[in-house]
Each structure stands twice: as C-alpha cells, then as structure tokens.
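There are 2 protein chains.
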Amino acid sequence: MRPTLHTCLSPALLHLYDVSNSIVVIIDVLRATSTIATALYNGARCVIPVDSVSRCIELGRQIDGITAGERDGQVAEGLSYGNSPFEYPREFIEGKTLVLTTTNGTRLLHMALEKGAKEILTGSFPNLSSVCNHLLASKQNVILGCAAWRDKVNMEDTLFAGAVISKISQDFTINCDSSHMADTLYAKAKKDLFDFMKKNEASHYHRLMGFGLEKDIRYCLTADGANVLPIYKEGKLLLN
Amino acid sequence: MRPTLHTCLSPALLHLYDVSNSIVVIIDVLRATSTIATALYNGARCVIPVDSVSRCIELGRQIDGITAGERDGQVAEGLSYGNSPFEYPREFIEGKTLVLTTTNGTRLLHMALEKGAKEILTGSFPNLSSVCNHLLASKQNVILGCAAWRDKVNMEDTLFAGAVISKISQDFTINCDSSHMADTLYAKAKKDLFDFMKKNEASHYHRLMGFGLEKDIRYCLTADGANVLPIYKEGKLLLN
Chain A
1 MRPTLHTCLS
11 PALLHLYDVS
21 NSIVVIIDVL
31 RATSTIATAL
41 YNGARCVIPV
51 DSVSRCIELG
61 RQIDGITAGE
71 RDGQVAEGLS
81 YGNSPFEYPR
91 EFIEGKTLVL
101 TTTNGTRLLH
111 MALEKGAKEI
121 LTGSFPNLSS
131 VCNHLLASKQ
141 NVILGCAAWR
151 DKVNMEDTLF
161 AGAVISKISQ
171 DFTINCDSSH
181 MADTLYAKAK
191 KDLFDFMKKN
201 EASHYHRLMG
211 FGLEKDIRYC
221 LTADGANVLP
231 IYKEGKLLLN
Chain B
1 MRPTLHTCLS
11 PALLHLYDVS
21 NSIVVIIDVL
31 RATSTIATAL
41 YNGARCVIPV
51 DSVSRCIELG
61 RQIDGITAGE
71 RDGQVAEGLS
81 YGNSPFEYPR
91 EFIEGKTLVL
101 TTTNGTRLLH
111 MALEKGAKEI
121 LTGSFPNLSS
131 VCNHLLASKQ
141 NVILGCAAWR
151 DKVNMEDTLF
161 AGAVISKISQ
171 DFTINCDSSH
181 MADTLYAKAK
191 KDLFDFMKKN
201 EASHYHRLMG
211 FGLEKDIRYC
221 LTADGANVLP
231 IYKEGKLLLN
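Residue numbers (my numbering), protein chains in the order written: chain A, 1 to 240; chain B, 1 to 240.
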C-alpha cells in the first residue's frame with residue numbers, strides 16, 4: 001500500500017484532511033517559505049515563525065534574534081528586516097536566529113500543529129528537491145498545505161504543490177482532485193513559471209511587481225537555490 | 001468599469017467573497033445542476049432543491065411533485081427517482097414539479113441565499129451558453145460557485161468555471177487566481193473533457209464509472225444539450 005498524498009489549497013480547507021496521520025508541507029512560496037529555506041541554507045541557526053509583529057519584537061528582544069516581517073510591502077514598524085530572501089546572505093545570517101512574522105504561512109503552520117501533524121516541513125521552489133526526497137524516503141501520508149492569501153487560493157502555492165506531485169506521484173496514492181489539478185497546472189507552467197504567473201495575472205505577481213520585487217519573484221520560482229529541509233521542532237524551524 | 005468575476009472553488013470558501021453584491025452561479029456538474037437544466041429544458045414546471053430526503057418526501061407529498069435524489073449511487077429510500085438527467089425526458093417531466101434532494105449543490109445554493117446573493121442561477125455544461133449570455137447581458141459582479149464534494153475542491157466544477165471564464169472573461173475584471181487557474185485547466189482539458197477527467201483520475205469520474213454511469217458523465221460534460229437558464233426565485237428554480 002502506497003501512502004496517500006493530498007493537496008489542501010487553502011487553510012480554510014485544512015479540516016477536511018487527516019492531518020494527524022500525515023506529514024504536512026507548509027507552502028508559502030511568495031515569500032515566507034522561500035526566505036526560510038534561504039536563511040537556513042545560509043547558516044541561520046533556526047527560524048522562529050511568529051504570527052504578530054508584537055510577538056516578533058518581544059521574542060527578538062528575549063533571545064537576541066533578528067526580527068523580520070512586512071506589512072503591506074514595508075518592513076513592519078518595530079522590526080529590523082523584511083521578507084526578502086536577499087536580505088539573508090550568509091555573511092549576515094550565519095549563526096543567528098531569525099524571528100520571522102508572516103501571516104498566511106505561520107497561521108497554517110500553527111493550524112497543522114494544533115491538529116497534531118506527524119511532522120511539519122516548509123516547502124518552496126528553492127528547496128523543492130529536499131522536500132521531495134524527504135517525502136519519498138519517509139513513506140508517510142502527505143498533505144501539501146498551501147498557505148494561500150487570506151484563505152483565498154493562490155497560483156504560486158498551487159504550482160509548488162504541482163511541482164512536488166510531478167516528482168513524487170508514482171510513490172503515492174492520489175485520490176485528490178486538487179492534486180491532479182495542481183499537477184496539470186504545473187505541467188502547463190513549468191517551462192517558464194515567471195511568464196506563466198505574468199500571463200495568468202497571478203495576484204501576488206502583481207502585488208510584488210508593484211513593490212519592485214521582480215528579482216524576488218524570479219528567485220522564489222527557481223528550483224533548488226537553497227536546497228535544505230526545514231523541519232519544525234518545538235517552535236523552531238531547523239535543518240534536519 | 002467592468003464588473004468583477006471570482007471563482008469560489010468550495011462552499012467552505014464562500015465567506016471570502018462579496019456574495020451580496022453578486023450574481024452567484026451554482027455549479028454541481030455531476031450531476032445536480034446538469035439534471036436541473038435538463039428537467040427544465042424538457043418542460044418541468046420548476047425544480048425545488050431540498051437538502052434532505054425527509055424534506056423531499058414531505059414536499060413531494062404536499063405538492064404532488066416528483067421526488068428524486070440519490071445516496072451512494074442509489075435512489076434514496078422513500079424517493080421515486082434518481083439524479084440522472086436521463087430520467088427526465090420531456091414525455092415524463094413536462095408540466096411537472098421536480099423535488100430534488102442533492103447534498104453539495106443544494107447546500108451551496110442555500111448558503112448563497114443566506115448571504116444575500118443578488119441573483120442565483122444554476123450552471124452546468126448542458127446550459128453553458130445560456131449562463132454565459134446571461135452573465136454578459138447582466139453586467140453585474142459574478143461569483144462562480146463550485147459545489148465541490150463535501151467541501152473538497154473537484155475537477156469538473158472547476159472545469160465548468162473555466163469554461164464560463166473562457167467565454168466571458170473579456171467583459172470582466174478578474175483579480176482571482178482561482179479563476180485564472182480554472183481557465184488554464186479548461187484550456188488544457190477542453191478538447192476532450194471526458195478523457196481529461198479519466199486521465200487525471202477525477203474522483204467523480206471514478207465514482208460514477210463505478211456505478212456504470214459513463215453515459216451520464218459524457219452528457220454532463222457536453223455543452224448546450226439543455227440550454228436554458230434556471231433562476232432561483234422563492235424556493236424554486238424556474239426558467240427566466
């Protein structure tokens with residue numbers, strides 16, 4: 001019997017899936033989980049995801065961590081850095097703890113935690129292969145959890161789910177239309193993900209382009225630029 | 001200013017959309033909304049959608065209506081007919097009232113009603129053009145509401161949303177990733193929707209094929225076989 005794989009397109013649908021019996025991959029491609037992979041790849045000791053700016057400030061002070069997070073495309077008041085993966089090169093982040101506040105990804109992670117997920121990982125194109133290899137080796141049921149945008153399904157998280165499925169589907173039983181749809185979408189888009197997002201007027205494409213962040217989008221849609229496996233343990237995302 | 005169009009992929013996401021300011025198209029391709037279009041096309045006086053077998057029996061008795069509905073692929077106990085569009089030819093249904101119990105589609109319809117939708121229609125491939133023409137003529141905001149399956153996103157309802165979008169997108173403002181995804185999916189699938197459902201292992205394809213209902217699936221995926229416009233008014237679906 002092969003393990004099952006499901007794709008949950010929005011946090012508002014998570015209750016429909018058997019979380020407590022699964023590895024949950026948290027997907028927030030633009031840009032939380034891409035930045036998490038990048039910071040850890042560049043030597044961050046760990047990343048602590050928190051759900052509010054005030055909690056970020058408080059925790060950053062307590063543990064002498066780097067506080068980071070944005071609201072409406074700007075570094076949030078009281079924090080030091082933003083959500084861009086380019087803010088966390090090795091020479092800056094190595095050996096440090098990043099306290100990162102994001103909205104959609106952090107919320108989904110805490111939901112998966114509350115529902116008793118067997119294991120929680122974060123996935124993004126920069127760490128696509130690590131995620132796939134881990135899921136193949138684990139032989140456990142998998143839920144690909146898209147963080148979406150305020151519960152609305154989004155394109156880039158769905159595309160990442162499709163990318164994972166395209167690489168590992170043969171080892172899983174997939175009775176899940178969302179997964180087959182994500183797989184089809186990715187097959188159509190994979191030649192040029194940036195161009196696909198642009199042509200299909202993806203909402204985050206527009207939002208981030210409006211902030212002048214084309215470089216971020218391109219990096220976050222490129223496979224294996226920070227190919228590590230962030231696993232959630234006791235409040236922290238750490239490398240395996 | 002063009003009106004907006006959004007696609008809601010599951011009833012569990014309906015709260016994210018501005019229902020009270022929109023026409024809502026209820027989509028339950030396999031088979032509720034296909035059967036509704038067919039019964040009305042063949043001269044049914046109206047279709048009354050109800051959410052339980054007991055309510056169906058009660059109402060059928062009160063108004064001397066045809067009671068219909070299935071549970072697990074069988075005509076539900078106490079009802080007279082099933083969910084197949086082929087059960088409602090003109091020689092049988094003309095001039096009669098069909099009391100139809102379905103789960104997913106009826107529930108979504110009632111949710112849209114409670115949220116104060118401006119107008120509620122039912123959409124399916126058999127009445128694709130009527131729905132599109134009406135939406136184009138109305139110049140109102142539109143929500144394409146997929147009934148899904150117990151809140152899980154499904155392929156055929158998403159494909160129908162994509163079919164509508166492919167025909168009317170130029171007249172609407174679409175800031176909605178779900179809509180762009182549905183459009184892309186439909187573009188990929190439209191050459192042979194049945195084959196696409198089969199190849200992509202759509203869950204309802206398997207379920208209905210298991211009941212020997214290939215003919216139903218093929219009919220329900222074919223455009224304009226019952227090209228009428230069911231509009232919900234005071235508890236009933238009627239032709240405009």
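Treat the hints with caution; some may be incorrect.
When chains are identical, the list treats them as one kind, so a pair holds in a single copy or across two.
Stated by the list, open to error - In silico EDC-like pairs for lysine to aspartate or glutamate, Cα to Cα no more than 20 Å straight-line: (1) K167 - E201; (2) K115 - D171; (3) K233 - D51; (4) K115 - D64; (5) K236 - E77; (6) K198 - E77; (7) K167 - D224; (8) K236 - E94; (9) K188 - E201; (10) K199 - D171; (11) K188 - E119; (12) K233 - E114; (13) K215 - D18; (14) K236 - D195; (15) K139 - D192; (16) K152 - D72; (17) K139 - D18.
Honestly, the hints are just simulated from the structure, not real lab data.
task: Could you tell me which of the hints above the structure violates, numbers in ascending order?
output: 2, 4, 5, 6, 11, 13, 14 and 15
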